[in-house]
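Construct the complete structure from the given sequences, taking the supplied hints into account.
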Amino acid sequence: SQQGEEDPQALSIQEGENATMNCSYKTSINNLQWYRQNSGRGLVHLILIRSNEREKHSGRLRVTLDTSKKSSSLLITASRAADTASYFCATGPNAGGTSYGKLTFGQGTILTVHP
Amino acid sequence: DGGITQSPKYLFRKEGQNVTLSCEQNLNHDAMYWYRQDPGQGLRLIYYSQIVNDFQKGDIAEGYSVSREKKESFPLTVTSAQKNPTAFYLCASGAGKLFFGSGTQLSVL
Chain E
1 SQQGEEDPQA LSIQEGENAT MNCSYKTSIN NLQWYRQNSG RGLVHLILIR SNEREKHSGR
61 LRVTLDTSKK SSSLLITASR AADTASYFCA TGPNAGGTSY GKLTFGQGTI LTVHP
Chain F
1001 DGGITQSPKY LFRKEGQNVT LSCEQNLNHD AMYWYRQDPG QGLRLIYYSQ IVNDFQKGDI
1061 AEGYSVSREK KESFPLTVTS AQKNPTAFYL CASGAGKLFF GSGTQLSVL
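Those protein sequences? They're chains E and F, same order as listed.
The first sequence begins at 1 in the numbering used here and counts up one residue at a time.
The second sequence begins at 1001 in the numbering used here and counts up one residue at a time.
A couple of the hints might just be wrong.
[Claimed, not checked] Ranges between beta-carbon positions, derived for each pair:
hint, chain 1, residue 1, chain 2, residue 2, range
1, F, K1009, E, A10, 23 to 31 Å
2, F, L1027, E, N38, 15 to 23 Å
3, F, S1102, E, E53, 24 to 32 Å
[As the list claims (entries may be wrong)] Simulated coverage check for chain F against chain E, where a stretch passes if three residues somewhere in it have a Cβ under 8 Å from a Cβ of chain E:
hint, segment
4, 1074-1082
5, 1096-1102
[What the hints assert, rightly or not] A few chain F residues that face chain E, going by a derived Cβ cut-off under 10 Å, partial list only:
hint, residue
6, Q1006
7, F1012
8, G1016
9, T1020
10, N1028
11, A1031
12, Y1035
13, Q1037
14, Q1050
15, V1052
16, G1058
17, D1059
18, F1088
19, L1090
Calculated directly from the structure, the hints in this document are not laboratory data.
Backbone N, C-alpha and C fix where the C-beta goes; we use that ideal spot for every residue, glycine too.
This is the structure we're talking about:
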């Protein structure tokens, strides 16, 4: 089942602008992660935020998590043409044992950055 | 180089045929996963394995089978029972944070 719902489905911006993508989920989570996928390739892990964290930074990436609203956002600052890709949020279940590492992915946001 | 290798990159299946997708990792991860991705969609979990000789069904296991005889290898067989197999298949490994292969595009002839 698809836990994450991402918004917008597609985003088109100019180089240098900031890009914000949102993700909502339904059930209790242990962590939320963001991944990037270039066309026809595998996914690459970008950042992980745990359920007890509210904000996390990594280079030009800023992720926020609001567990009361069951939502997260990914901000890419000063975007570049090379940032053009699909971005997915994924939630890790709030359960141990055999569920650990079993992620549920959203449908993704397609980001296009124009030079 | 450490990573996950999927092969082949492209695969064609004839009706009634079983095909096997290969996934090998040298990251020393216990857990491995198979996901299916349809155009414009997110990933859906087919099967996962937390340890050698053990695996569990994911959300869409019908028409698929797996084995985990070695820690490094987690092959996926798409059986003839899978009536709509055309998709992009991704293998991953890890615990929490996942590392992905480059995918196999499966099409039906």
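Numbers of the earlier hints that this structure fails to satisfy, in rising order: 4, 7, 8, 9, 10, 15
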